[in-house]
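Engineer: Chain residues, written in single-letter form:
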Amino acid sequence: MAELLTEAEAREVCERVISYSSADAAEVRLVSGLTRYARYARNEMTVSGDASDAEVTVTSTFGQKRGTFTWNDLRDTAVEDAVSHCEELAQLAPDDPETMPLLGPQQYLPSAAFFNSTYELGEGEFVTAVQAVTERTYSTDLTAAGFIQTWGRSEALLNTAGLSAYHRSTLASHTVTVRTADGSGSGWAGTTHNDWEQMLAPREIAEQAINKARQSVDAAAVDVGAYTVVLAPTAVGDLVQLLQSALVARAADEGRSFFSQEGGGNRIGQQVIDARLSVLSDPTDPDLLARPFAPDGTPLRRTTWIENGVLRNLEYDRYWADRQGREPLPRGGGIKLTGGDGTVEDLVSTVNRGLLVARFWYVQPVDRRRLTYTGLTRDGVILIEDGRTIRPVSNMRFNESIISILNNVESIGSAVRVVASESGGLDVPVVVPPMVVRDFHITSGSDAI
Amino acid sequence: MRSRGMGEVHSDTFTPIHCGRNLTGQCVVGDKRVLRVSKVSIIFAPSYAILGKRLMSRTRREFIKQSTLSAVALGAAGGGWLPTFGFTPQGTVQGAAFKDLCLVALNAARSKRATYADVRIVNKRNQFVATQEERVSELQDRETFGVGVRALVNGAWGFAASRTVTRDECSRVALRAVEQAEVNSRAIRRPVELATVSAYPDGRWMTPIRRDPFTVRMSDKTELLLEANRAAAAVSAARFVASSMYFVKVETTFASTDGSIIEQTLYRSYPAMTVTAVGTDSDDVASHESTDIAPMGLGYEHVEAADLPGRATEWAELAVEMLSATSVEPGRYDLIIDPTNLFLTIHETIGRPTELDRALGYEADYAGTSFLAPPETAIGEVRYGPEFMNVIGDRTQRGGLATVGWDDEGVTADSWPIIQDGTFVDYQTTREQATLIAELTGITRSHGCSFGESWDVAQLQRMPNVSLLPGENEVTLDDLVAATDRGILIKGCGPYSIDQRQYNFQFGGHVCYEVRGGRITRMLKDVAYQGNTLEFWNSLDMLGGPRSYELCGTIGDTKGQPTQLNAASHGCPAARFHDCRVINTAA
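Going down the list, the sequences are from chains A and B. First residue of the first sequence: 1, per my numbering; consecutive thereafter. First residue of the second sequence: 1001, per my numbering; consecutive thereafter.
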């Protein structure tokens, strides 16, 4: 059995799990595949590795009692043990009044997220990619560090109500950080896609990172205060991805969220951000290419969360939807923010005085209800004057509300797929544009480069 | 005992209870997963027999400090705190079959010219139980089992792992690791050199616990949490209540071509509770988290001692009191920082920058670098704080999250000075890192900081327990308050953020109080202190004594690519810092 189970193989395993169930209801999720990675630093390879795994999660329900167990041994005796233990857990659990009946068979949209170019990458491809970066830095005063990661995996669902789902996907990412030998400059670039061939080539991201490192040398501090900022797509992605966890109806309805309405209920139907902006998810969007079902098997379809600045939807899990008399609406399928046209350079040319920010770092919530976050800039901030980049400035800390940012938009560029995870590596798809934002609050400087 | 059904492996060391995990909700704050922790007294277990060789070198001053801590231990609980190895009679060691599989892997690696190889067969069990108000919101168990092999060929590393633990697969995985190392050797500049290590052909260690959390009935756990929720919900204005328990048990058989075969079983336990109060104006919301209960390297006895049902009312009342706290006036203040906040500051501003891989640039693409670089300009040269400031790294404190018998390269648990008399003197190291700075430190062995989160990822350097030693005089938190004319007392952690060189920071408090004329006057909110690492620590002007020393910690430290979670404890006394910048986070 290869690491990535085919639909038939996954079905066989899931059916075997179900066959041991004596519960009123059971659902099985099976994720299998191969993860590969390579790390490099100081202009040389650090380590590369791969790991094959297949993990099963079973949820057993007796009336309103439910338990979940996850394990990775697919042999018969282990499966039998696992199901038995899960049922013990369930029977010991108190009644959960939010237990919902299982979903029956569903129809899922096709999401062509698997690419042989990623799954069958040759043995030396990672080393070749690393060398394509380090040969550009080694003989200079620059040091490159980076991370390449891929996965090829399948995900399958099966339950005792007849629901069955299967999806396979690949995903790849490559991030590079280039620093000057004296530590006075740092630049970063990243690329990600399901298809290795559709990522930017290693030499391209190397050149981007090298150029930014060179541009960031000899940065000087600027005063704290409110600035007009041009946020590069990665910087926008670092912040906008945080919106996802706030788009939940229950928290809003219970008064615990920014999207809560004063006096009760939520703000669906209200203008919440700039009228040019829309936020959507769609597992079949060629820019996103995600699994077309939620973990419980609810189909994922194109969902517009915010349309022209108006809140159109919030996530309703099945219990809350039932309670509120709404249709269930799961989150998932990536996140895409759209609203304009143009490159970073186009946006810079419109700014009289401001700061160009490449990306953010260590973004932490300060006030979840107001969606206020603090964090730092990283890998280059450039002063803009009269529509041109002038000189590098030091990194700085911000304290800002994501909603304020998305209401203070001056102009918006074209959306691109970014590596929005601070650790690089594989993550949910994020597609966002660069933006010009006014009144962005810088609260202190940072010496760190 | 049932067979696990792993082909040729028939182990009688695994109980039939399997476990799973979901680190969500209270345990995750942003990408960094820095967790809320809180104050707890060091919990002492009876002394255990010492197995294996204790490896420790101490200066006289360290010994005095250690003795002081032992006195703390004795004074606090009547037990003994000593860095020691422990082995419990329950004996969940892995057995001959797994050792044999390790040797299959090592032999395969050696047959293909690996100059070094190590193998970890790991069974990791997690359990997360969470409740909200009157219902169980999460009840998940996870068990993951597999083998990971690391090989060194021509000075380059390769790694491979598989969930299938059979002779054939262990051999295949080892050969795959060697294959990768050979290919990788085309892309290295400087061959890896490993510091020497002793061989431990029969090493065994287990976290000294009283009660295995995985043998406690799930219904007992849920009932305890629901009872705590009921107590909190009875407080008027306490609207939302959530409580949880998280447990980890990691059983490892480790073997290396240096001749070590080591079996270890580690435990971690973490009970927690959050109460959210809502004022008459529904915009007025305050949440109190049980920051005085830390995750610990202990068993279920930690949950029992934490007494969530008994403390719930107090925490709920604090949440209500936080509704009417005064929003802080930004400015400069003397800060009296309780261990429940200071531990995380130690983690961020001392633990992180003294990780040698950061200082050398190995984490530049993600976790960042360190201002303590290069080593030749940092070791012995950086004045971190006043002369009475001493910080140690260790993997030996009882109850410490990073406490072990051996690290993931077979290096025995160590204890060593990181900051001595206010000066930075040494980093955290692994075997390959120790050789890189041996000429500067005079230390040719690793400090034992190698750690891999599970079988499916290669080991890397991770933070041990890092602790600020108390002062020698018996100075209490109350003494620090009494000595302060204009200050803020900070307890628990709010949002934390530091730059990528571990230098400029903003750290939030959770429950804060104004101090005027030596007395606590009122509760404050929206408090965060900003500054940079060296200015902050050099503003340390009062240090609590041994009785104020507490061990807190975090199970969510994230580093590496792919990211790996680490758990580390940080002991410290209460301490005062002079003239620090405080901002209002709501402004």
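Simulated from the structure, these hints should not be mistaken for lab results. Note that the coordinates shown come from a computational prediction; the quantities given were computed from them, not determined experimentally. Take these hints with a grain of salt, some might be off.
Claimed, not checked - Ranges between beta-carbon positions, derived for each pair: (1) 22(A) / 1168(B): 28 to 38 Å; (2) 276(A) / 1166(B): 55 to 65 Å; (3) 438(A) / 1284(B): 25 to 35 Å; (4) 99(A) / 1305(B): 27 to 37 Å; (5) 1439(B) / 8(A): 41 to 51 Å; (6) 370(A) / 1522(B): 44 to 54 Å; (7) 162(A) / 1313(B): 29 to 39 Å; (8) 271(A) / 1189(B): 55 to 65 Å.
Stated by the list, open to error - With the C-beta cut set under 7 Å, the calculated list includes, among others, these residues of chain B facing chain A: (9) 1143; (10) 1216; (11) 1219; (12) 1222; (13) 1309; (14) 1310; (15) 1311; (16) 1364; (17) 1366; (18) 1377; (19) 1379; (20) 1456; (21) 1500; (22) 1501.
Glycine included, every Cβ here is placed at the ideal spot set by N, Cα and C.
Engineer: All hints, please: hold or fail.
Structural biologist: Do the hints match the structure? See the list:
no.	hint	verdict
1	22(A) / 1168(B): 28 to 38 Å	35 Å, holds
2	276(A) / 1166(B): 55 to 65 Å	58 Å, holds
3	438(A) / 1284(B): 25 to 35 Å	30 Å, holds
4	99(A) / 1305(B): 27 to 37 Å	33 Å, holds
5	1439(B) / 8(A): 41 to 51 Å	60 Å, violated
6	370(A) / 1522(B): 44 to 54 Å	24 Å, violated
7	162(A) / 1313(B): 29 to 39 Å	48 Å, violated
8	271(A) / 1189(B): 55 to 65 Å	56 Å, holds
9	1143	5 Å, holds
10	1216	11 Å, violated
11	1219	4 Å, holds
12	1222	6 Å, holds
13	1309	16 Å, violated
14	1310	21 Å, violated
15	1311	22 Å, violated
16	1364	4 Å, holds
17	1366	5 Å, holds
18	1377	11 Å, violated
19	1379	17 Å, violated
20	1456	4 Å, holds
21	1500	6 Å, holds
22	1501	4 Å, holds
Violated hints, in rising order: 5, 6, 7, 10, 13, 14, 15, 18, 19; the structure is consistent with all others.
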